[in-house]
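Student: Now for the letters of each chain:
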Amino acid sequence: MSGKTDAGNFFEDFSLGQTFAHATPRTLGAGEAALYVALTGSRHAIANSGPLAHALGYPARPADELLAFHIAFGKTVADISLNAVANLGYADARFPRPVFLGDTLRAESTVIGLKENRDGEAGVVWVRSTAINQNDRDVMTWVRWVMVKKRDRARAPPPVVVPTLPTHVAARDLAVPGFLDCREFETALTGSAWLWEDYQPGEIIDHPAGMTLDESDHSFATRLYQNPARLHFDARLMRDTAFGRRLVYGGHVISVCRALAHEGLENALLIAAINGGTHCNPTFAGDTLYCRHEVLEKWELPGRDDLGALRLRMLGLKDRAPAELGAPKIDGKYSPHVVLDLDYTVLMPRHH
Amino acid sequence: MSGKTDAGNFFEDFSLGQTFAHATPRTLGAGEAALYVALTGSRHAIANSGPLAHALGYPARPADELLAFHIAFGKTVADISLNAVANLGYADARFPRPVFLGDTLRAESTVIGLKENRDGEAGVVWVRSTAINQNDRDVMTWVRWVMVKKRDRARAPPPVVVPTLPTHVAARDLAVPGFLDCREFETALTGSAWLWEDYQPGEIIDHPAGMTLDESDHSFATRLYQNPARLHFDARLMRDTAFGRRLVYGGHVISVCRALAHEGLENALLIAAINGGTHCNPTFAGDTLYCRHEVLEKWELPGRDDLGALRLRMLGLKDRAPAELGAPKIDGKYSPHVVLDLDYTVLMPRHH
Amino acid sequence: MSGKTDAGNFFEDFSLGQTFAHATPRTLGAGEAALYVALTGSRHAIANSGPLAHALGYPARPADELLAFHIAFGKTVADISLNAVANLGYADARFPRPVFLGDTLRAESTVIGLKENRDGEAGVVWVRSTAINQNDRDVMTWVRWVMVKKRDRARAPPPVVVPTLPTHVAARDLAVPGFLDCREFETALTGSAWLWEDYQPGEIIDHPAGMTLDESDHSFATRLYQNPARLHFDARLMRDTAFGRRLVYGGHVISVCRALAHEGLENALLIAAINGGTHCNPTFAGDTLYCRHEVLEKWELPGRDDLGALRLRMLGLKDRAPAELGAPKIDGKYSPHVVLDLDYTVLMPRHH
Numbered sequence: 001m002s003g004k005t006d007a008g009n010f011f012e013d014f015s016l017g018q019t020f021a022h023a024t025p026r027t028l029g030a031g032e033a034a035l036y037v038a039l040t041g042s043r044h045a046i047a048n049s050g051p052l053a054h055a056l057g058y059p060a061r062p063a064d065e066l067l068a069f070h071i072a073f074g075k076t077v078a079d080i081s082l083n084a085v086a087n088l089g090y091a092d093a094r095f096p097r098p099v100f101l102g103d104t105l106r107a108e109s110t111v112i113g114l115k116e117n118r119d120g121e122a123g124v125v126w127v128r129s130t131a132i133n134q135n136d137r138d139v140m141t142w143v144r145w146v147m148v149k150k151r152d153r154a155r156a157p158p159p160v161v162v163p164t165l166p167t168h169v170a171a172r173d174l175a176v177p178g179f180l181d182c183r184e185f186e187t188a189l190t191g192s193a194w195l196w197e198d199y200q201p202g203e204i205i206d207h208p209a210g211m212t213l214d215e216s217d218h219s220f221a222t223r224l225y226q227n228p229a230r231l232h233f234d235a236r237l238m239r240d241t242a243f244g245r246r247l248v249y250g251g252h253v254i255s256v257c258r259a260l261a262h263e264g265l266e267n268a269l270l271i272a273a274i275n276g277g278t279h280c281n282p283t284f285a286g287d288t289l290y291c292r293h294e295v296l297e298k299w300e301l302p303g304r305d306d307l308g309a310l311r312l313r314m315l316g317l318k319d320r321a322p323a324e325l326g327a328p329k330i331d332g333k334y335s336p337h338v339v340l341d342l343d344y345t346v347l348m349p350r351h352h
Numbered sequence: 001m002s003g004k005t006d007a008g009n010f011f012e013d014f015s016l017g018q019t020f021a022h023a024t025p026r027t028l029g030a031g032e033a034a035l036y037v038a039l040t041g042s043r044h045a046i047a048n049s050g051p052l053a054h055a056l057g058y059p060a061r062p063a064d065e066l067l068a069f070h071i072a073f074g075k076t077v078a079d080i081s082l083n084a085v086a087n088l089g090y091a092d093a094r095f096p097r098p099v100f101l102g103d104t105l106r107a108e109s110t111v112i113g114l115k116e117n118r119d120g121e122a123g124v125v126w127v128r129s130t131a132i133n134q135n136d137r138d139v140m141t142w143v144r145w146v147m148v149k150k151r152d153r154a155r156a157p158p159p160v161v162v163p164t165l166p167t168h169v170a171a172r173d174l175a176v177p178g179f180l181d182c183r184e185f186e187t188a189l190t191g192s193a194w195l196w197e198d199y200q201p202g203e204i205i206d207h208p209a210g211m212t213l214d215e216s217d218h219s220f221a222t223r224l225y226q227n228p229a230r231l232h233f234d235a236r237l238m239r240d241t242a243f244g245r246r247l248v249y250g251g252h253v254i255s256v257c258r259a260l261a262h263e264g265l266e267n268a269l270l271i272a273a274i275n276g277g278t279h280c281n282p283t284f285a286g287d288t289l290y291c292r293h294e295v296l297e298k299w300e301l302p303g304r305d306d307l308g309a310l311r312l313r314m315l316g317l318k319d320r321a322p323a324e325l326g327a328p329k330i331d332g333k334y335s336p337h338v339v340l341d342l343d344y345t346v347l348m349p350r351h352h
Numbered sequence: 001m002s003g004k005t006d007a008g009n010f011f012e013d014f015s016l017g018q019t020f021a022h023a024t025p026r027t028l029g030a031g032e033a034a035l036y037v038a039l040t041g042s043r044h045a046i047a048n049s050g051p052l053a054h055a056l057g058y059p060a061r062p063a064d065e066l067l068a069f070h071i072a073f074g075k076t077v078a079d080i081s082l083n084a085v086a087n088l089g090y091a092d093a094r095f096p097r098p099v100f101l102g103d104t105l106r107a108e109s110t111v112i113g114l115k116e117n118r119d120g121e122a123g124v125v126w127v128r129s130t131a132i133n134q135n136d137r138d139v140m141t142w143v144r145w146v147m148v149k150k151r152d153r154a155r156a157p158p159p160v161v162v163p164t165l166p167t168h169v170a171a172r173d174l175a176v177p178g179f180l181d182c183r184e185f186e187t188a189l190t191g192s193a194w195l196w197e198d199y200q201p202g203e204i205i206d207h208p209a210g211m212t213l214d215e216s217d218h219s220f221a222t223r224l225y226q227n228p229a230r231l232h233f234d235a236r237l238m239r240d241t242a243f244g245r246r247l248v249y250g251g252h253v254i255s256v257c258r259a260l261a262h263e264g265l266e267n268a269l270l271i272a273a274i275n276g277g278t279h280c281n282p283t284f285a286g287d288t289l290y291c292r293h294e295v296l297e298k299w300e301l302p303g304r305d306d307l308g309a310l311r312l313r314m315l316g317l318k319d320r321a322p323a324e325l326g327a328p329k330i331d332g333k334y335s336p337h338v339v340l341d342l343d344y345t346v347l348m349p350r351h352h
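Chains as they are written, first to last, in the working numbering: chain H, 1 to 352; chain Y, 1 to 352; chain E, 1 to 352.
One or more hints might be untrue.
Note: identical chains are not told apart, hence a pair may lie in one copy or across any two.
As a list, the in silico SDA-like pairs of lysine to any residue whose alpha-carbon atoms are at most 25 angstroms apart [as the list claims (entries may be wrong)]: (1) K149 / A323; (2) K298 / D6; (3) K150 / A321; (4) K298 / P336; (5) K149 / V160; (6) K150 / I112; (7) K149 / R350; (8) K115 / R245; (9) K149 / E184; (10) K149 / F100; (11) K149 / D138; (12) K149 / E324; (13) K333 / V160; (14) K329 / P59; (15) K149 / S335; (16) K150 / A323; (17) K329 / P166; (18) K149 / P322; (19) K149 / A122; (20) K329 / H168; (21) K329 / R236; (22) K333 / R304.
Calculated directly from the structure, the hints in this document are not laboratory data. Note that this is a predicted model, so its numbers are computed, not measured.
Hey, can you work out the whole structure from these sequences and the hints?
Tutor: Set out below in structure tokens:
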């Protein structure tokens with residue numbers, strides 16, 4: 001039998017400071033952009049219109065931030081999470097430069113934390129990953145942590161290192177493209193007159209639309225992102241698990257929720273940071289997704305009177321519209337209808 | 001609770017002459033064109049081949065007319081038909097200029113008719129919509145009318161205004177691109193030697209192929225067109241309706257029928273007008289679509305000896321091949337197997 | 001009733017030396033490339049990255065060879081195999097020139113063999129087909145043979161001509177692009193350090209990943225390829241056959257297996273030939289595909305020290321992982337879990 005295939009890395013294969021240059025570089029263009037719309041129904045203005053992007057100062061039409069993120073994220077899976085038991089969280093995701101249609105992305109990761117479970121069966125690995133474009137410039141960077149199986153229970157655990165992670169990306173650290181100019185932003189183009197001044201911390205937005213997922217929806221998405229995690233594709237493998245069936249890639253849930261949230265957040269032009277996030281419950285084909293947002297904080301941006309930042313909490317729900325939800329958590333435990341709890345920051349034009 | 005989301009317009013929100021500049025502009029390119037083929041199997045020659053389009057005089061590769069129509073139509077839904085009980089009809093759809101891959105479309109609408117139902121629960125709204133490209137030139141215009149719910153039954157009805165609509169776009173009003181030159185059209189490229197002279201009014205064409213629709217087919221299509229009508233996406237919402245499940249967007253039915261009709265209408269190069277149309281019965285995932293055409297009229301075109309027009313009637317059928325159908329209407333009522341009755345006009349090369 | 005539709009060619013419609021110029025030319029670009037990834041999850045390096053292709057000498061980003069093949073193949077169906085009872089085999093498929101994104105393909109075929117069945121109900125037709133780009137240069141050529149129904153059992157059989165076909169394309173006949181230069185190939189880009197020297201005849205590679213197919217997966221693929229064979233689309237038609245349901249297009253099976261085989265054949269950069277192939281059993285939605293490879297032969301290439309060729313046998317499996325398979329054939333008959341047995345040749349960089 002050949003040794004050409006790779007079973008992926010197990011917990012004991014990771015060491016602090018270890019780096020990975022992930023395969024395979026990917027050119028992301030007009031085809032990926034159209035598919036992203038077909039998969040999510042996204043109507044976000046800048047990624048959907050070259051002339052609109054141009055009018056706001058963009059030198060070229062950008063890719064949706066989540067499309068680019070999922071593609072970069074997919075590259076890390078073969079090295080980092082092929083043997084993951086659970087994706088535990090995201091933090092400190094930043095978008096230092098836009099990804100333009102036609103760009104080619106590759107990804108790298110560094111191990112920044114390790115902690116073996118008490119039972120010696122698995123451990124948590126923290127990595128910082130970075131997506132890099134064809135000009136060797138960073139376009140995204142994020143931390144995630146996953147619980148990864150051990151190959152050999154008898155191996156001694158590594159020293160425990162748990163990285164200190166920020167609760168959120170501070171306003172001063174948000175990357176705002178220098179060319180972006182929203183002083184003449186036209187709300188008619190997005191269909192909503194609500195701008196940064198109009199949203200207040202504590203405000204709840206229940207988005208009215210729902211979307212039922214089918215198997216082909218999420219498997220098309222996950223293949224487009226070249227994410228090779230088998231639990232999204234192999235129904236036979238999954239039949240013998242507690243889930244009993246294919247799991248929907250959590251990134252697809254984020255993207256569908258972002259698209260559903262267009263009605264109520266039409267002018268949330270750009271995602272500037274993902275502060276943290278949890279996939280609280282599994283999502284399967286047949287589930288109907290809904291979305292609620294809460295405004296957590298609002299910030300002015302240094303040197304900008306055309307744009308402000310909103311820190312938002314996105315709750316992804318399944319089989320309950322927001323109005324039907326009740327409390328998202330009961331006794332500190334998520335309702336089985338909450339599938340996503342994401343803390344992120346958007347840029348929104350200000351009134352002028 | 002936030003007032004940021006919009007419940008859409010109800011009947012009493014419309015007034016005669018009212019205009020809407022619909023969100024969001026959309027760039028339509030090679031990705032959308034490829035998806036249109038993947039969704040429908042369309043083999044129509046001009047949209048499928050840049051060099052063929054160029055040989056016929058096109059300065060660039062055009063988008064399929066229906067792809068562009070569905071994208072422009074989708075933009076009108078949030079303002080016009082989010083609270084529609086029924087899409088009652090289309091009329092007077094024209095295509096004054098081609099849409100080229102890379103163009104960016106936006107849409108506007110004007111209310112041209114209003115008539116409240118006798119029961120005061122809803123009313124019919126007629127709108128003329130126009131799609132406009134990035135150079136501010138009209139590329140499509142059409143009338144549709146929808147029955148929209150009232151928010152408040154007690155509101156007094158508006159004056160009744162029912163627009164006069166043409167039965168069909170007259171031959172002299174058909175937009176034929178000035179650059180289009182079919183004098184050296186090669187039928188080998190489309191696979192059929194039948195040209196304009198060969199089709200006769202009264203002729204019936206039963207297209208042999210059928211296509212079974214799956215949920216992902218129509219939901220991908222409708223998301224690609226950014227049509228936010230919830231009845232296409234939310235199976236939970238639809239479970240409690242008379243339909244019991246998600247409805248297939250009628251535009252997808254038109255496109256599938258147009259693609260199935262390639263076998264028998266290979267040289268119907270361009271759609272020059274949609275004269276009228278009705279979605280006679282609902283279409284659901286699992287239905288198998290078939291198509292029949294009837295030639296209604298044929299017209300010479302002023303100043304053109306390379307092209308003629310055919311006015312066609314497209315019948316979309318479900319779960320009955322054309323040969324099995326029998327009469328499409330019995331006692332003036334459509335057979336439950338007829339889902340589409342569309343009157344439209346195509347351009348076809350003439351023998352030379 | 002109109003005679004405008006075509007029932008396709010029957011066995012007696014074919015004659016030795018007969019040629020077909022198939023409809024319709026197709027421009028294949030960034031949209032098709034993105035869809036190919038979304039349909040298969042393909043991570044093959046050259047087609048996925050413009051800069052990587054450029055670094056290896058490509059003047060432009062190429063299309064995946066199988067994407068181009070399926071599109072060209074699809075063009076032949078209406079003329080050759082609309083009335084096929086069975087697709088019996090492929091042979092001698094070569095790829096004389098790359099297909100670049102933006103190219104436009106058409107296809108031609110010549111009948112090179114005919115043999116009526118003893119029962120007079122059908123016959124085998126051998127055709128050599130060629131795909132040609134917009135510059136009138138051959139980009140692919142292949143032989144296939146299909147069993148086609150007779151329209152009229154009483155028609156006298158044609159003289160039997162069975163073409164002599166090579167068992168495989170010889171190493172000296174493999175088209176290796178002159179511009180391709182793998183002397184500085186970086187294995188970090190593909191994620192595997194195994195190169196041509198590391199693979200040995202007789203070696204077996206069991207690829208670990210599986211992929212469950214859904215109806216929309218294969219029907220999207222087959223529509224993208226504009227393959228009009230009805231047995232892939234019309235569930236009603238298929239209900240009355242021995243299969244009872246829609247058949248998955250065999251080309252989609254090949255592409256999924258090639259994508260699954262990325263783990264273990266990461267550096268199989270290009271398909272240089274398809275020597276022969278059989279679809280051993282039908283594939284349906286719901287089946288989970290797996291893949292095994294066997295290395296049949298390895299060849300140096302004349303004048304090249306940067307690249308070698310591997311002749312491979314790809315076994316496509318359904319509902320059995322390779323480790324579960326046992327013998328692919330028992331008493332000369334394929335296991336019902338083997339759906340594909342493909343003999344093909346790839347180019348792989350050599351160590352430097």
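Student: Next step is simple, just say for each hint if it's right about the structure.
Tutor: Do the hints match the structure? See the list:
1. K149 / A323: between (39 angstroms within a copy, 22 angstroms between copies)
2. K298 / D6: Only across copies: K298 and D6 sit 23 angstroms apart there, 46 angstroms inside one copy, limit 25 angstroms.
3. K150 / A321: Classified as between: cross-chain Cα gap 23 angstroms, same-chain 40 angstroms, threshold 25 angstroms.
4. K298 / P336: Classified as neither: same-chain Cα gap 30 angstroms, cross-chain 55 angstroms, threshold 25 angstroms.
5. K149 / V160: So K149 and V160 pass the 25 angstroms test inside one copy only (16 angstroms; across, 62 angstroms).
6. K150 / I112: within (18 angstroms within a copy, 59 angstroms between copies)
7. K149 / R350: Answer is neither: 48 angstroms inside a copy and 35 angstroms across each miss the 25 angstroms cutoff.
8. K115 / R245: neither (30 angstroms within a copy, 48 angstroms between copies)
9. K149 / E184: Close neither inside one copy (53 angstroms) nor across copies (36 angstroms); limit 25 angstroms.
10. K149 / F100: neither (37 angstroms within a copy, 43 angstroms between copies)
11. K149 / D138: Answer is neither: 30 angstroms inside a copy and 51 angstroms across each miss the 25 angstroms cutoff.
12. K149 / E324: between (38 angstroms within a copy, 24 angstroms between copies)
13. K333 / V160: neither (27 angstroms within a copy, 56 angstroms between copies)
14. K329 / P59: neither (44 angstroms within a copy, 56 angstroms between copies)
15. K149 / S335: Close neither inside one copy (27 angstroms) nor across copies (35 angstroms); limit 25 angstroms.
16. K150 / A323: between (43 angstroms within a copy, 22 angstroms between copies)
17. K329 / P166: Cα proximity of K329 and P166: one copy only (23 angstroms, versus 59 angstroms across).
18. K149 / P322: This pair counts as between: shortest inter-copy Cα distance 23 angstroms, intra-copy 36 angstroms.
19. K149 / A122: within (4 angstroms within a copy, 57 angstroms between copies)
20. K329 / H168: within (21 angstroms within a copy, 59 angstroms between copies)
21. K329 / R236: between (33 angstroms within a copy, 23 angstroms between copies)
22. K333 / R304: Neither, since 40 angstroms and 63 angstroms both go past 25 angstroms.
Of the numbered hints listed earlier, those contradicted by the structure are 4, 7, 8, 9, 10, 11, 13, 14, 15, 22.
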